Amino acid sequence: MDYALILEKLILIVVILAVTLVIALYLTFGERKIAAYFQDRLGPNRVGPLGLLQPFADGGKLLFKEEIIPKTAEKWLFIIGPATAMVVATITSAVIPWGTSIEIFGRNVSLQVADVDIGVLYVMGIVSIGVYGIMIGGWASNNKYSLYGAIRASAQMISYELSMGLALIAVVMMSGTLSLREMVEQQHGLNWNIWYQPLGFLLFFVCALAECNRAPFDLAECETELIGGYHAEYSSMKLGFYLFSEYINMFVSSAVMASVYLGGYNFPGMDAIANPTVLSLLQVAVMFAKIFFFVFVFMWIRWTLPRFRYDQLMRLGWKSLIPLAIINMVVTGAVMLLNQ
Amino acid sequence: MFNNLPIPFLVLSFFTILSALYVVTSKNPIHSVLALILTFFSISAHYVLLNAQFLAIVNLIVYAGAIMVLFLFVLMLLNLNKDAEPIKSNLWGIAAAISAGLLLLVITAAFQKAGENVVKHPVEGIGLVKALGQTLFTRFLVPFELSGALFLAAMVGSVLLGKRDKVNKDLLA
Numbered sequence: 001m002d003y004a005l006i007l008e009k010l011i012l013i014v015v016i017l018a019v020t021l022v023i024a025l026y027l028t029f030g031e032r033k034i035a036a037y038f039q040d041r042l043g044p045n046r047v048g049p050l051g052l053l054q055p056f057a058d059g060g061k062l063l064f065k066e067e068i069i070p071k072t073a074e075k076w077l078f079i080i081g082p083a084t085a086m087v088v089a090t091i092t093s094a095v096i097p098w099g100t101s102i103e104i105f106g107r108n109v110s111l112q113v114a115d116v117d118i119g120v121l122y123v124m125g126i127v128s129i130g131v132y133g134i135m136i137g138g139w140a141s142n143n144k145y146s147l148y149g150a151i152r153a154s155a156q157m158i159s160y161e162l163s164m165g166l167a168l169i170a171v172v173m174m175s176g177t178l179s180l181r182e183m184v185e186q187q188h189g190l191n192w193n194i195w196y197q198p199l200g201f202l203l204f205f206v207c208a209l210a211e212c213n214r215a216p217f218d219l220a221e222c223e224t225e226l227i228g229g230y231h232a233e234y235s236s237m238k239l240g241f242y243l244f245s246e247y248i249n250m251f252v253s254s255a256v257m258a259s260v261y262l263g264g265y266n267f268p269g270m271d272a273i274a275n276p277t278v279l280s281l282l283q284v285a286v287m288f289a290k291i292f293f294f295v296f297v298f299m300w301i302r303w304t305l306p307r308f309r310y311d312q313l314m315r316l317g318w319k320s321l322i323p324l325a326i327i328n329m330v331v332t333g334a335v336m337l338l339n340q
Numbered sequence: 341m342f343n344n345l346p347i348p349f350l351v352l353s354f355f356t357i358l359s360a361l362y363v364v365t366s367k368n369p370i371h372s373v374l375a376l377i378l379t380f381f382s383i384s385a386h387y388v389l390l391n392a393q394f395l396a397i398v399n400l401i402v403y404a405g406a407i408m409v410l411f412l413f414v415l416m417l418l419n420l421n422k423d424a425e426p427i428k429s430n431l432w433g434i435a436a437a438i439s440a441g442l443l444l445l446v447i448t449a450a451f452q453k454a455g456e457n458v459v460k461h462p463v464e465g466i467g468l469v470k471a472l473g474q475t476l477f478t479r480f481l482v483p484f485e486l487s488g489a490l491f492l493a494a495m496v497g498s499v500l501l502g503k504r505d506k507v508n509k510d511l512l513a
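Read top to bottom, the protein sequences are chains A and B. The letter at position 245 of the first sequence is residue 245 when you use this note's numbering, and the numbering goes up by one with no holes. Just add 340 to the spot in the second sequence (first one is 1) and you have this note's numbering.
Since the hints were derived computationally from the structure, they do not count as laboratory data. Small disclaimer: the values here were computed from a predicted structure and weren't measured. All C-beta atoms, glycine included, are put in the ideal place defined by N, C-alpha and C. A couple of the hints might just be wrong.
To be verified - One-sided and incomplete, this derived list gives chain A residues near chain B with beta-carbon spacing under 7 Å: (1) Ile34; (2) Ala36; (3) Gln39.
Stated by the list, open to error - When the alpha-carbon atoms are kept at most 30 Å apart in a straight line, the in silico DSSO-like pairs for lysine-lysine are as follows: (4) B:Lys367 <-> B:Lys453; (5) A:Lys61 <-> A:Lys75; (6) A:Lys71 <-> A:Lys61; (7) A:Lys65 <-> A:Lys144; (8) A:Lys33 <-> A:Lys65; (9) A:Lys61 <-> A:Lys33; (10) A:Lys65 <-> A:Lys75; (11) B:Lys367 <-> A:Lys75; (12) A:Lys9 <-> B:Lys367; (13) A:Lys144 <-> A:Lys319; (14) B:Lys503 <-> A:Lys144; (15) A:Lys144 <-> A:Lys71; (16) A:Lys75 <-> A:Lys9; (17) B:Lys367 <-> A:Lys71; (18) A:Lys144 <-> A:Lys61; (19) A:Lys144 <-> B:Lys367; (20) A:Lys319 <-> B:Lys367.
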């Protein structure tokens, strides 16, 4: 067995996990700053220089708060809920190619944890089990509002998963592969999938918003009707995990969108750079730039659009997105057939 | 008996059987469903051990991701508990034991000689999407298309069932 490979992958996993967590931590800060900008305020600026230590203060506060488990709650499931949400949020990053490869100590280290043959399906699989954290937590709280939140979340996720999958099928048909690595490699330079699949991209983006439970699709936690929804009974770090997993989800789904539609680590003029190390680093930087662009759009939408009503959400999902996704799929197939 | 089996397989099997047993023994239906989800996960892990990545992930998407979510959804709305449980006579228990015993008999009979035909060391890449797709669209084309038609019929049927209310209202009006 190749122990060096295991060690290499282990280090990569730890690095990606740490980077994801730190980025998610700072996304909470970014969210507040962006919200402040949209509302003509200053935002958090007291803790540390420019308020940069604010997320650590928030995290510390959550850690040291009193933890309350309601007497009527199912204790174990109440604990498993946020844990599931957190785990499911972080494991998607395993199949995302963050860059090609990099030379470290004479070893060619691939910047992807697992180049599985079924990367796209893996993403869909994780998306489909993503709802359990919310469902388990909402049910275990033994609170009507929480249960409503959980049920809304699961209905919403089932509905939007379908159009998400249908939008992805069109891309898979075009690229002829389910591996995310190959998919990204096919989008060399500026040959991005978004030029061929503009409608598919739009559908996928809307569904990603819904799957992340972000506004305008945040009916699961809707404060005005459900006083927080599925996490109404949660306190301390368990609440923190729920809130945190939302930011991780946002980061990871942005990474998926960047890889599938926006060419991942590819950028125009990448052939002109001769030094492989510089090229790899630039690719990683480009990947992150694309991710942060999407994250910004997510936040921009949250602070601009009002929340949907529940029936509007369902109507949009079943009566607009799914038919559009099917039409997109059929048109893609027809064009491919004609071009043969 | 267990000496020549790989350790990952043994651990996984133990886990699978344990969670499957919990599905039947648990009194709380929600716990049963959650244990069933765990069972599906460990079955998927078995598929991965057999080099069948595609089956593993499809098993997760379809069963753990879609069907079990619907199960949970319904159970949470039903709010089943001990008070709501109907009182069953002992006959039910006896009937269940007999049918389970018969099933065991049939399964043992079926698998008694199956060991010789099991592929012990699956070929690399046999469970990958490409190999599977080629088999499905050549050797098993007719069953594949037929099951596709069946799914379509089921879909149309469920849409029709969902719409029936409205049709009746129109008829009444």
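Do the hints match the structure? See the list:
| no. | hint | result |
| --- | --- | --- |
| 1 | Ile34 | 32 Å, violated |
| 2 | Ala36 | 37 Å, violated |
| 3 | Gln39 | 37 Å, violated |
| 4 | B:Lys367 <-> B:Lys453 | 37 Å, violated |
| 5 | A:Lys61 <-> A:Lys75 | 23 Å, holds |
| 6 | A:Lys71 <-> A:Lys61 | 24 Å, holds |
| 7 | A:Lys65 <-> A:Lys144 | 24 Å, holds |
| 8 | A:Lys33 <-> A:Lys65 | 24 Å, holds |
| 9 | A:Lys61 <-> A:Lys33 | 19 Å, holds |
| 10 | A:Lys65 <-> A:Lys75 | 19 Å, holds |
| 11 | B:Lys367 <-> A:Lys75 | 16 Å, holds |
| 12 | A:Lys9 <-> B:Lys367 | 42 Å, violated |
| 13 | A:Lys144 <-> A:Lys319 | 29 Å, holds |
| 14 | B:Lys503 <-> A:Lys144 | 29 Å, holds |
| 15 | A:Lys144 <-> A:Lys71 | 15 Å, holds |
| 16 | A:Lys75 <-> A:Lys9 | 36 Å, violated |
| 17 | B:Lys367 <-> A:Lys71 | 20 Å, holds |
| 18 | A:Lys144 <-> A:Lys61 | 28 Å, holds |
| 19 | A:Lys144 <-> B:Lys367 | 22 Å, holds |
| 20 | A:Lys319 <-> B:Lys367 | 40 Å, violated |
Of the numbered hints given earlier, the model fails hints 1, 2, 3, 4, 12, 16 and 20; all others are met.
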